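Letter by letter, the chains look like this.
Number of protein chains: 4
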Amino acid sequence: MVGGGIGASIGPVHRMALRLDGEAEIVAGAFSSNPEKSKESASQLGVAPERSYDDYRQMAKAESKLSEGERIDFAVIVTPNTSHFEMALLLLESGFHVVCEKPMGVTFDQAKTLQAAVRNTRKILMLPHAYTGYPMVKQAKHLVHSGELGKIRKVVVQYYQGWVPYRLKVQAVPSKAWKFDPAFTGPSLTVADIGIHAENLARYVTGLEIEELCADSTSFLAGQGLEDDASVLVHYKGGARGLLHFSQMATGERNGLVLRVYGDKKSLAWAQETPESLTVCDLSRMDSILHKGGPYLCDQARAAGRLPLGHPDGLVEAFANLYLAFFEAIRNPGRDAGSEREDFPDVDDGVIGMGFVEAVLESSRSDKKWIRMKC
Amino acid sequence: MVGGGIGASIGPVHRMALRLDGEAEIVAGAFSSNPEKSKESASQLGVAPERSYDDYRQMAKAESKLSEGERIDFAVIVTPNTSHFEMALLLLESGFHVVCEKPMGVTFDQAKTLQAAVRNTRKILMLPHAYTGYPMVKQAKHLVHSGELGKIRKVVVQYYQGWVPYRLKVQAVPSKAWKFDPAFTGPSLTVADIGIHAENLARYVTGLEIEELCADSTSFLAGQGLEDDASVLVHYKGGARGLLHFSQMATGERNGLVLRVYGDKKSLAWAQETPESLTVCDLSRMDSILHKGGPYLCDQARAAGRLPLGHPDGLVEAFANLYLAFFEAIRNPGRDAGSEREDFPDVDDGVIGMGFVEAVLESSRSDKKWIRMKC
Amino acid sequence: MVGGGIGASIGPVHRMALRLDGEAEIVAGAFSSNPEKSKESASQLGVAPERSYDDYRQMAKAESKLSEGERIDFAVIVTPNTSHFEMALLLLESGFHVVCEKPMGVTFDQAKTLQAAVRNTRKILMLPHAYTGYPMVKQAKHLVHSGELGKIRKVVVQYYQGWVPYRLKVQAVPSKAWKFDPAFTGPSLTVADIGIHAENLARYVTGLEIEELCADSTSFLAGQGLEDDASVLVHYKGGARGLLHFSQMATGERNGLVLRVYGDKKSLAWAQETPESLTVCDLSRMDSILHKGGPYLCDQARAAGRLPLGHPDGLVEAFANLYLAFFEAIRNPGRDAGSEREDFPDVDDGVIGMGFVEAVLESSRSDKKWIRMKC
Amino acid sequence: MVGGGIGASIGPVHRMALRLDGEAEIVAGAFSSNPEKSKESASQLGVAPERSYDDYRQMAKAESKLSEGERIDFAVIVTPNTSHFEMALLLLESGFHVVCEKPMGVTFDQAKTLQAAVRNTRKILMLPHAYTGYPMVKQAKHLVHSGELGKIRKVVVQYYQGWVPYRLKVQAVPSKAWKFDPAFTGPSLTVADIGIHAENLARYVTGLEIEELCADSTSFLAGQGLEDDASVLVHYKGGARGLLHFSQMATGERNGLVLRVYGDKKSLAWAQETPESLTVCDLSRMDSILHKGGPYLCDQARAAGRLPLGHPDGLVEAFANLYLAFFEAIRNPGRDAGSEREDFPDVDDGVIGMGFVEAVLESSRSDKKWIRMKC
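Taken in sequence, the protein lines are chains A, B, C and D.
Here the working numbering is used: the first residue of the first sequence is 1, the next is one more, and so on.
Here the working numbering is used: the first residue of the second sequence is 1, the next is one more, and so on.
Here the working numbering is used: the first residue of the third sequence is 1, the next is one more, and so on.
Here the working numbering is used: the first residue of the fourth sequence is 1, the next is one more, and so on.
Same shape as in the complex, but just chain A (with noise of 0.2 Å):
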């Protein structure tokens, strides 16, 4: 693990993920920039102090020389946006399996020298789109491919978070705090926090791709130009619209990310607050709530559940569910990208989000022009 040290946040959330299903253990690290807490942390965590490393470069190094039974057989990075890319094309080159914290790097141009290393390497990436791993997320994409929704016609995704006024005016945090700092935030903050998360579960679910799209983003309260709300109106090749919002100056908001997607037969409904049901609406306007552990899921879903109906599955079971897809495929090496037993977003998702990115800016930037995405 880079990163992740005493007092991080997503950093732990991957210890859990990978932990719960008893396949994976954190063996070394390079916990913190500050090498005194990055020992800490290995100590608290468990980790031989030997395998403790000062930074990610030190690790690349030291574990590969290691014997294929001991060193690491995959890294994780928990570290500022600005450091993925460096961090993940070494450790590709180096020989390690990636799990990369999104954004995939600062710059679409990054993204696709990620790729360019993923295909040369033949090692394996995977960009932790959490939200794809939750059952209901799964029924939902199984009920558009099964053509229980038609043809689908619209998508809509919202998704608001409140963290950046409580920070700023109840918190009254730092201003260098990392999140509002470009050096370590990239270009931008929520299109590149949140908004790759909207594109990537709307893809996820429809297998509709962007064609081209339409902007409107904002700096209200984060400063240093980056954007902290935005509005995109999306074309999908096929015909169908989309509309991706989201924001995190919206005060009150914890973590509002909400699915909806309308077929000519029926439409959906999906909130990851609620995560556990699914609500499916005809055309006579009747709705029907499916839940997490129903005897009616796909397989997919129901493989996905990991309680009964009724007991509820939290974020960290849908993470999991990603971390056990790329066990799954670092055993078997002949890669199967596409397919179930491959089911977590990779570099590919990767090249796409940062695209997303570039796109959304751009077109808030100049004159809020329609933009093609790029691919």
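A hint or two may mislead.
Which residues of chain A face chain D? A partial, calculated answer using Cβ under 8 Å [as the list claims (entries may be wrong)]:
1. 256
2. 274
3. 316
Keep in mind that the hints were calculated from the coordinates and are not lab data.
Predicted model, so just to flag it, every value in this text is computed and none were measured.
We put the CB at the ideal spot given by N, CA and C, even for glycine.
With chain A held as given, fit chains B, C and D onto it using these hints.
Leaving out everything else, chains B, C and D in the frame of chain A:
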């Protein structure tokens, strides 16, 4: 009443609303373009045969000859859109107050003409944006105007209905049904039908006026160039951002009008299908749920509630609240527009609404530029 | 109308409900035990001074002398409980149909006497268990009676209100307020006020009749021996079990009436505070949400809805549905009780309700034995 | 681990819960009464062959011979009910801490015997009433104990499941399935399975102890005299009233555990299927919705949350919270039962639970008298 005969949908709603408080009754009408049907409707409604008219012109003429105590005080227009303008204009000029179903005509110029007519005749025109009559919408307005939400930064209104696919696919209505025929419905289906409710609700609650907008509208099912889906990016005067999106081809949706307003201290959310409650969220992201009838509501919200806490009022009661304010304005001819006593949508709202319709259509057509609102 | 003058709470609701469809108006009344207040109320309501009476006896006498077309058709009694019996009896015997607020007296014997009077006079007594007028309650009844739920095994009704602590602690009402004074309210506060709604709703929907019950009631706040909380275990005839529980000292509750019925094929749930929808669950534990106005509803539920899908009806509309059925019964004197045309609660429901009140009180007092229902 | 082999349902949940925080692992087990299946399970779980035992007796004997650092620290019993007592007793007496699935035996006397064994051996027995591990349940407890709700007057817990009709009617399970066989399940199906969760949850949150109860239980579908539905009227010590009702033949219900507590200042409501929020209502009948991760939560609720606001934790995380407290207690042998550090259900809860089961069955049988709780 003009229109609203046997089989009509919105006419009976007006009748329940104006009857509810015992302050008005229907005494005359031209209930249908078919004279037989009009007579029969009059008979069923207890209207005297001699005051059942063949058309609105005849009604205007005959009624204006009656003595002041005998003739109608106001006329209610509940006919297809393209007829609204001429009817409203003649009735105003014949000396009657008018309740005109929205949209207030089919062009911005018609709306401006009616505005001038209202000023000249000193009569009142009410436009039934009935949702503004709900007690909790009044409370929402109060929370914004009293400063409890702080500075408003973002307004999102979604308004989704699914009747278009239901009618076309399940009921297989003839393509000439008036809603789908530009000769009756005018150049806009969805924006003119529900988009203007969304704009009106946002403005009623926040007081914000649109400076410019950028829209994407589509005709999926309606045909004849009539849009049935639209999303609108909004820049409000003063810097707030807005997102107004609406659809009538949204399979499975009933009457899904939802308002969310984000201030820098608090936010609020209100949904028309559960109109009795209002959610207010603070920076710490705790929610408060306020309920119609609560002792903590502002005076206007309390006055607008008819039944006590937990005993639901419906849309008819909200609608009747508009009528009560309209009656109050009629009784007090020294008009004091904008006062609490005159809390109903009027001809000025109609002008803004038609300006909104034209701007959305223009933006959607003309290479999706940002369009400034006319005024 | 007897009672319901200025400041009254339930009187205005009756007036809205009977006025809504334009089929009735208030033409006479004894609106208050205070003659001055009664006159003033009459004046406000547009009742002619000569038909504003000092008390119900005077009204019964004077009105019965008027010609059939002129005199009142029915009387509405909206006075404190202990007066209901005498008023209803005299008005029936004076030749008027009666709408009597529940409870229908304060003893089972009074109820039986009124039942006999109804049979003798061939007049109609309606008891406004208004919740049975909601469209989705009628749909619930349909689902049970059509066999869709299978054999009914369990019925649970909870009815919780929190106005007692609010009034006593926040408003600090004088202890002599009529609701808390047995001289006006009778021997039971909560069972007679809302417990009978719970019993009536369960019976309306399922048709099940109580064979025996075992209750535990308590007086927490109300004082004077008046219970403000009760739970009742029920054995229905035929083997189904029931649980009816209600409270008026339930801090924070508004008007929380919730019905759940479990059959051996499906179950249903309905909540009065969100009356527009009905949840139906099947063996696989998928939920279906049915909505007022849906094309899939039974005829009666469809007819009872006033506004289309997604446009909320309120309790006034439900109440008005009872009045419509009552008017229909008045117009068709060859009574056909129990038919769909006579779909309103009547004197027989009142007898069962009073039997329920007495059985609950007796079971609670007498060492908590199982008590058989009188009939 | 005893039981929990291939195909088991609750065993894997324990394994996820104890593994989540990296503080324990499964190193030995007797996973099935079938030795072949036990071996195969051990192999899948990575348990060394020599520590895969044929039964719990062999395990207890062999493990107790190992050195302190090597042998198991605690045993987890996840077998059918009738075996719990003997296993727990032997394991305690062999010097191991025990996690024993509920119910803690099948009679009150067994529970008392285990209580004595715990005291004698100074070992710890944890009983996984896992719902008490949820952060918002801890917040509920805090609100009661800090006095924010005022004096508690009424507690209502409902716990409804619909798996019995699903299994019997849809899956057509053989009648000898262990849950329906008194030889394995003991004398009580539903009270012992979920009724004790209801009692435990009410007591955990409020601290109230049952003085006497009056119950009505029924066997609708389960057969063999095993009740599948029960309602219990409760008198708590100190004057509060309770209503605990539960069913496993409630068609359509998933895992519907709902708690409501009414104090004289505020009330609260919590539902297990949406465990991340807690509703608090005040005298004015405004609701506040508190959320897991909120900065306003009490220390214990905050510590029990793993993911931030809006990122759902599940039941596994709640369960793991119990294990963390259990581990803490193991590490600190000077026990301080009842402290926050030892916040898990223990043998004393098991004694009360079995007393509850026996009292409910006795009250239901014996002419429905009020029964005093044993202690």
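Right, here's what the structure says about each hint:
no.	hint	result
1	256	holds (7 Å)
2	274	holds (6 Å)
3	316	holds (7 Å)
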